[in-house]
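Q: This is what each chain is made of:
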Amino acid sequence: MITVEKPLRLLYFAWLRERLGRAEERVPLPPGVADVAGLRAWLQGRGDGFAAAFAPGMPVRCAVNQDFAGPSTPLRPGDEVAFFPPVTGG
Amino acid sequence: MARVAVQAAAFEVGTEIAALTAGRADIGGIGCFVGTVRATAGGRPIVAMTLEHYPGMTERALAAIGAEAERRWTLLGCTLIHRVGRLVPGEGIVLVLAAAAHREAALAATSFLIDWLKTSAPFWKKESFADGSDAWVAARAEDDQAAARWG
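Sequence order for the protein chains is A and B.
For the record, in the first sequence the residue sitting at position 66 is 66 according to my numbering, with numbers rising by one throughout.
For the record, in the second sequence the residue sitting at position 127 is 127 according to my numbering, with numbers rising by one throughout.
It should be emphasised that the hints constitute simulated quantities derived from the structure, not laboratory data.
Note that beta-carbon positions come from the ideal geometry of N, C-alpha and C, so glycine has one too.
Treat each hint with caution, since some may be false.
Beyond 10 Å from chain B on every Cβ pair, some chain A residues (computed) [said to hold, decoys possible]:
1) G21
2) A37
3) D67
4) P86
So the derived list for chain A, only partly shown, Cβ under 10 Å to chain B, looks like this [what the hints assert, rightly or not]:
5) E18
6) L20
7) R22
8) D35
9) F50
10) P85
11) G89
12) G90
Looking at chain A on its own, in the form it has when it is part of the complex (with noise of 0.2 Å):
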């Protein structure tokens, strides 16, 4: 019996949703990843927009089952996770 993990499942908002061309995707947790910065490095990995949205110094924020979370969060099969600019409400 092969057993699935459940995939991640990813939202982008703002600026990331628009230059990505994305507000949502799934992904498996990618092999080898384990925490939110380790997430980031694989995003940018991916190239094009991505590479770009994601490169070290970019101002983005991140959000793992709707808690803010720094780049030592640690994830999980299933996971929901957002990345975004810093907020501007208010």
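Based on these hints, arrange chain B on the given structure of chain A.
A: Here is chain B on its own, set in the frame of chain A:
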């Protein structure tokens, strides 16, 4: 428990204050902050501001901010309403109400709530200019400093 709402529709301040105070005689003061859309950004006229948010996380974040205010001050009621979608200059964006027995707690909690909301609730503003261009609003360091002063 704070009343929290994320909505496209306009809010009415008087209606919200009436709802917060209905049937109560223990409230001595209500702090109120209304954020509105300015007609210019960086000296350029704007025709609209569009607010995007993260459904689900937004409501959680607003509830958490309200709970933090209730932990820090003895509040007798609290309302946080944030609008989303396309707004035009002059329209209300955000409403913060904090009710307490005395003005110090009501005013301080109101100030805290809007400062924290600006830096910890997942909303993003895009300004549409009169010349047809638009741009996402950049986060301001002053907002981070305002939130940080509360510790």
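Q: Each hint needs a verdict: does it hold in this structure or not?
A: Hints and how they fare:
1. G21: 16 Å, holds
2. A37: 20 Å, holds
3. D67: 8 Å, violated
4. P86: 4 Å, violated
5. E18: 8 Å, holds
6. L20: 14 Å, violated
7. R22: 14 Å, violated
8. D35: Where the cut-off is 10 Å and the nearest Cβ of chain B is about 19 Å from D35(A), the hint is violated.
9. F50: 18 Å, violated
10. P85: 6 Å, holds
11. G89: 3 Å, holds
12. G90: At about 4 Å, which falls below the 10 Å cut-off, the nearest Cβ of chain B leaves the hint on G90(A) intact, so it holds.
Comparing the model with each numbered hint stated earlier shows that hints 3, 4, 6, 7, 8, 9 do not hold.
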